[in-house]
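S.K.: Residues per chain, in single letters:
There are 4 protein chains.
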Amino acid sequence: MKIGHKKKNGDVMTAKILINGYGSIGKRVADAVACQKDMEVIGVTKTKPDFEAKMALEKGYKLYAAVPERAHLFEEAGLEISGTIDDVIQDADLVVDGAPKKIGKQNLENLYKKNNVKAIIQGGEKANDAEDSFNSLWSYDRCYGKDAIRLVSCNTTGLCRSLYAIDSITDVLKARVVLIRRAVDPNDSKKGPVNAIIPSTDVPSHHGPDVESVIKKFKGKIISSAVIVPTTLMHMHSLMVETTGATKDDIVDAIAKTPRIFTVKASEGLDSTAALIEMSRDMGRLRYDLNEIPVWEESINVIDNEIFMMQAVHQESDVIPENVDCIRAMLQMEEDNIKSIEMTNKAMGLLK
Amino acid sequence: MKIGHKKKNGDVMTAKILINGYGSIGKRVADAVACQKDMEVIGVTKTKPDFEAKMALEKGYKLYAAVPERAHLFEEAGLEISGTIDDVIQDADLVVDGAPKKIGKQNLENLYKKNNVKAIIQGGEKANDAEDSFNSLWSYDRCYGKDAIRLVSCNTTGLCRSLYAIDSITDVLKARVVLIRRAVDPNDSKKGPVNAIIPSTDVPSHHGPDVESVIKKFKGKIISSAVIVPTTLMHMHSLMVETTGATKDDIVDAIAKTPRIFTVKASEGLDSTAALIEMSRDMGRLRYDLNEIPVWEESINVIDNEIFMMQAVHQESDVIPENVDCIRAMLQMEEDNIKSIEMTNKAMGLLK
Amino acid sequence: MKIGHKKKNGDVMTAKILINGYGSIGKRVADAVACQKDMEVIGVTKTKPDFEAKMALEKGYKLYAAVPERAHLFEEAGLEISGTIDDVIQDADLVVDGAPKKIGKQNLENLYKKNNVKAIIQGGEKANDAEDSFNSLWSYDRCYGKDAIRLVSCNTTGLCRSLYAIDSITDVLKARVVLIRRAVDPNDSKKGPVNAIIPSTDVPSHHGPDVESVIKKFKGKIISSAVIVPTTLMHMHSLMVETTGATKDDIVDAIAKTPRIFTVKASEGLDSTAALIEMSRDMGRLRYDLNEIPVWEESINVIDNEIFMMQAVHQESDVIPENVDCIRAMLQMEEDNIKSIEMTNKAMGLLK
Amino acid sequence: MKIGHKKKNGDVMTAKILINGYGSIGKRVADAVACQKDMEVIGVTKTKPDFEAKMALEKGYKLYAAVPERAHLFEEAGLEISGTIDDVIQDADLVVDGAPKKIGKQNLENLYKKNNVKAIIQGGEKANDAEDSFNSLWSYDRCYGKDAIRLVSCNTTGLCRSLYAIDSITDVLKARVVLIRRAVDPNDSKKGPVNAIIPSTDVPSHHGPDVESVIKKFKGKIISSAVIVPTTLMHMHSLMVETTGATKDDIVDAIAKTPRIFTVKASEGLDSTAALIEMSRDMGRLRYDLNEIPVWEESINVIDNEIFMMQAVHQESDVIPENVDCIRAMLQMEEDNIKSIEMTNKAMGLLK
Ligand SMILES: NC(=O)c1ccc[n+]([C@@H]2O[C@H](COP(=O)([O-])OP(=O)(O)OC[C@H]3O[C@@H](n4cnc5c(N)ncnc54)[C@H](O)[C@@H]3O)[C@@H](O)[C@H]2O)c1
Ligand SMILES: NC(=O)c1ccc[n+]([C@@H]2O[C@H](COP(=O)([O-])OP(=O)(O)OC[C@H]3O[C@@H](n4cnc5c(N)ncnc54)[C@H](O)[C@@H]3O)[C@@H](O)[C@H]2O)c1
Ligand SMILES: NC(=O)c1ccc[n+]([C@@H]2O[C@H](COP(=O)([O-])OP(=O)(O)OC[C@H]3O[C@@H](n4cnc5c(N)ncnc54)[C@H](O)[C@@H]3O)[C@@H](O)[C@H]2O)c1
Ligand SMILES: NC(=O)c1ccc[n+]([C@@H]2O[C@H](COP(=O)([O-])OP(=O)(O)OC[C@H]3O[C@@H](n4cnc5c(N)ncnc54)[C@H](O)[C@@H]3O)[C@@H](O)[C@H]2O)c1
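Residue numbers (the UniProt record's numbering), protein chains in the order written: chain C, 1 to 352; chain U, 1 to 352; chain X, 1 to 352; chain L, 1 to 352.
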């Protein structure tokens, strides 16, 4: 396994990152890495020459065929590729995998490990597919210097942030969460449902244990259930967290002090996921990404030491800054997670 | 106030029911009353001469103008009305109000009380707008002989049934419920959202206290939150109920023994609200009404004495048989709630 | 090939119909056949033991495994089957195929022809997969006594009816139709889109030629384009038909005289596909099927001899009565299409 | 009426633009004006202190109360306003009205005319509410120096562009257009439909005449019908244009030469409105605005001299660059429409 990032004769040597799987997550990670000072994107891969591949080239990324046997498709479509993944993987300090669920694990076993290159796989994979599960607030140190890490899902990332805020002011005894999940990402026109609610009939759902894979001390304390509903914009979480005590003001303060999570007010017109996305569009965010977790201030309430609150999760983007921090941890580029978070946020233009 | 239903010289005297507001709820109550042996529909009212008014006439109901000043609209449209509500209200033993939210209360004050006629108002009204809140299982006796009763909402009715099953085998310590609400009824093409999730930012939401208005002993024990999602078919509830203990088998049994609630299996293809409605269509139900509450058997689980389960609620129809029972209670037609439930179910063709 | 239906010694011998593929179309054809006097359902097939299979048994149909190797699944699920399709196909006078797109053609080649049994395949198949394309109004005579017939799609059936009405009063010079298609049937929770419009980028779309496969004299005269939109209830057609001349009154009259198509008024509240389905629910139709084609009266207009009108198509049900008529034609049970239409309509309770 | 823009002693005097009604259209026009060299935004108005008002302040716009009596609401909410519209209107060379349908007309009569200030009202108003109807390609000259102009709707603007391309190579004999309209803008969570198609039962719809208000020579030649479908992203148009002759290549070329319209390929994955918006997000467009009209190349076809094609319209943004050009025309800042188009496009970063 290659050694991570090193500084040489005063110059800063930037970490060389390859993005394998330039889809919803992959393309965002590429753009987030590209705007950091200490990293660079040495290439992105695509399985087919569609408009996303074209766009990658227009943005100036070197394009590689993710599946060598399909390289000819790019030529036939008149898209210039710099080779296949086999031609570039050895140059990478770390690969960020952005392939679909289950393919990430296969890539890790068949490609990244074989080529002795560090790799991040995404939240579609299982906790034990990698050495550990990453969240910038909770497991940065645990993942420091590691070779194969799973960046947890959008839902888990969102819960890790709100639980961090809560944990900073009180003790969590038991957390119950109901996840109302968006059906598909907004670019998808194939999957449904069009007009139905689909329950995850396994209750508790896998989301609780997934949070616990990041926050070991919450083992057995997070219980979740989930439904899928016909919308594309964001997930929604209803949290009910039994604690040893806290006030609404405490919680609002704690959220204000926690990175990448903030409160919003329905009374200001931010009364649905549609309004939140409109805000993000107005803010001029690239692809309207709302990387931070918005919590409705009106929804925060404490009864009998139990905290209630509702938050939304922009599934396409909340994990993106975490990927950048994870790179820094795995390549031992920065020891302090808060410093990495600040660097990432500043480069990406996040609010906090 | 008129005295309720009485039998005379051997003949059964049927209760004379007027339906004021023949919309989603009103038209279903009309059909449910019409098929009972001990009641009859003496008339239904409409505010305008639309296709629902036509359909009422075709079904053989006598049609009255709900708003006397609008009577001329019916004539102009060529629809034969038998008069206005003022012409018929004195003949009614009881009026079932089916007017929209807030209008029910007004009708009660300005119309039913003034005409000294018993009345049921629906779940859009508030608990203290009437003498008590009705559910066939929980408050039949309390409403017996009363003059003005509120028939609680579809969501509250659904929760009352599952909590009845649970209460029959264990003690409820605390119940947490997250309601994922359908946006509009399927006949509505005006309201949204089209592609958003809308949180009720008051947490806990009003649904918990509403259940407690029916089940007084649960005072302070039911905590709920709610979101609205872009679907028309059914609501969904995720229940988390702390108890003194129960097994999954106990719960399945208890549900089997409780009227108007049953278990369904996702493994049989009943894996979404869309599939449940398809089942109801296949069963030949009028308007595909699924008056019973379906609970996903796979979702029932007990951890640390806390019961988890997911249920769906067909918002248009679960309260309909309750309206029939409520009539019997208010008009003192049957003392035993279980007997009324059985009569109603049999006449309507319910499963249980 | 077996000879069709014959009457023997005074008794009426009913045609023995097997339904292969008891899905959206298959189950409806079964129920429509079952209520005819001159036919009976000798069995229905399912590929898996889901709730639809259970429902078929509850309705009293004999259930067979469509795929012999999967017969054990039914036993394991505790569902009683009467055997596999191989055990029953020889007893059938005719098989109505209800299998998904492309499977119907395979079944015809591999199963029905091999067993020498007459068969109807549905609109998912191509025109030249069968001997001819059926519509009760246009091609009954052509299909009389034939062995393998394609019952055209819901959209084609809808257009055949409105074009029949128009053709009865004027000459069609050119018809342009834009089809706004429902995304999925209401029982489907898997396919999308959730929030997108998908164009058929082949313009003209295949729908025009498909109509021409039924109405040969319109060869080259029907031009269509199509989009898919996120709704489940009905398709919508915008028709623009150049003719040699007609008035709006002529058209309204012609529609009134044509079977299985009628006018509705938006002014009566029937102003969307949602309202039309509500009407059908109110009418007490099984599964709310609206087998007739509704045309908005307000939308009918004639400018420069070009007829404009908008109609909706209940995709799940408009082809069902046609399947019944097609059986009568293929088995030579009734020579006169109008008589068959009347028999079918009466048995099914259609308006006209 | 004030005289329009003039240059003084070498310096360029920028046109002072006030945006009255900072909603979907208003905020986009503000940003588009702000990035032009020859204009500036002197203020924007809001009726209430919501998040959009906050965002306007954060962007550096001076905020004014649109309704003087509501000024106190802003103070109460802690939002700094620079006064009410009455304080700023006299400083404006031109007001761009962005108020909802019908309010624009009222504002023109009661506010702009009274204050003797030039004004653009938007497409929600009627053709004869203003002096003329604007499109950069068709009526720039007609609107030159005028005082009150209506900027036509998103649909009309889209059609004006494709018809311009077609008109540049052949003669339009008759155009038929079916509009499949998005239900609401993506920020809206109040209006529906959730699961229905709503026809405009007036056929032809008002869209044809609206195009003719811009392109006088097409008087009587444009016939349209329209439906509303449950999606938020874009409208879709199916065009059928009878001409004196053209080839597909001609049309593709003509589109390539026409400003603000381009072809896209479904074969590259751009096969739905969802994919088009994804492309726009990837392009880094502010609020993902796709100001240009995309036409599906695969859908372009010519049969018997009739052109078929399908195009999408990003309703929130296609009219924005037209507003900028309209300002230049009305204030006589640039005589040549093509030069204005180029200036606008360059400043806004449009593709063409
Ligand atoms: N989209 C989300 O909401 C979201 C949020 C958090 C985490 N995730 C996780 O991120 C991962 C990627 O999801 P996504 O939504 O970006 O998927 P996506 O479908 O948008 O993108 C996947 C990309 O991988 C490419 N690909 C397919 N096979 C490949 C292979 N063998 N090698 C390399 N690339 C291949 C595809 O062409 C596509 O470009 C999944 O694990 C998912 O669970 C997704
Ligand atoms: N639809 C549901 O899901 C549902 C479920 C349970 C309870 N409820 C409750 O039932 C009540 C009725 O709701 P709905 O969904 O049937 O509404 P609806 O809009 O379908 O029907 C209301 C009917 O009342 C008529 N109406 C209006 N003003 C009237 C007046 N002044 N007098 C008499 N009639 C009048 C309307 O014309 C309409 O026919 C509400 O309280 C609602 O909260 C509705
Ligand atoms: N649903 C509509 O809107 C509609 C309208 C008109 C025509 N059609 C056509 O009707 C046909 C059936 O469509 P559907 O919507 O009823 O489909 P469906 O998916 O609802 O039902 C198909 C049924 O066939 C069964 N099946 C699968 N493989 C089979 C096999 N090898 N042999 C026998 N059965 C098999 C499936 O289990 C299922 O029960 C298609 O050709 C379709 O294009 C559908
Ligand atoms: N959104 C579109 O798709 C679209 C496209 C093209 C044209 N248009 C037209 O643009 C106009 C504006 O539409 P929109 O979609 O931007 O609406 P919108 O509802 O998004 O915004 C309207 C804004 O006007 C404000 N407003 C209300 N009353 C006002 C008053 N009296 N004075 C000043 N401001 C007032 C509202 O607060 C809101 O901020 C309409 O004529 C509409 O038809 C809209």
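Just so you know, the hints here were simulated from the structure itself, not pulled from any lab data.
Quantities reported herein were computed from a predicted structural model and do not represent experimental measurements.
You may find that some hints are simply not true.
Where chains are identical, the list cannot tell them apart; a pair therefore holds if satisfied intra-copy or between any two copies.
[As the list claims (entries may be wrong)] Only pairs whose alpha carbons sit at most 30 Å apart, straight line, appear in this in silico BS3-like list of lysine-lysine:
hint, residue 1, residue 2
1, Lys146, Lys190
2, Lys190, Lys105
3, Lys221, Lys174
4, Lys59, Lys48
5, Lys191, Lys105
6, Lys219, Lys191
7, Lys265, Lys146
8, Lys217, Lys16
9, Lys126, Lys59
10, Lys248, Lys37
11, Lys257, Lys102
12, Lys16, Lys191
13, Lys48, Lys191
14, Lys62, Lys248
15, Lys113, Lys191
16, Lys217, Lys191
17, Lys54, Lys191
18, Lys62, Lys217
19, Lys37, Lys217
S.K.: Of the numbered hints stated earlier in the document, which are not met by this structure?
M.R.: 1, 6, 7, 8, 9, 10, 11, 12, 14, 15, 16, 18, 19
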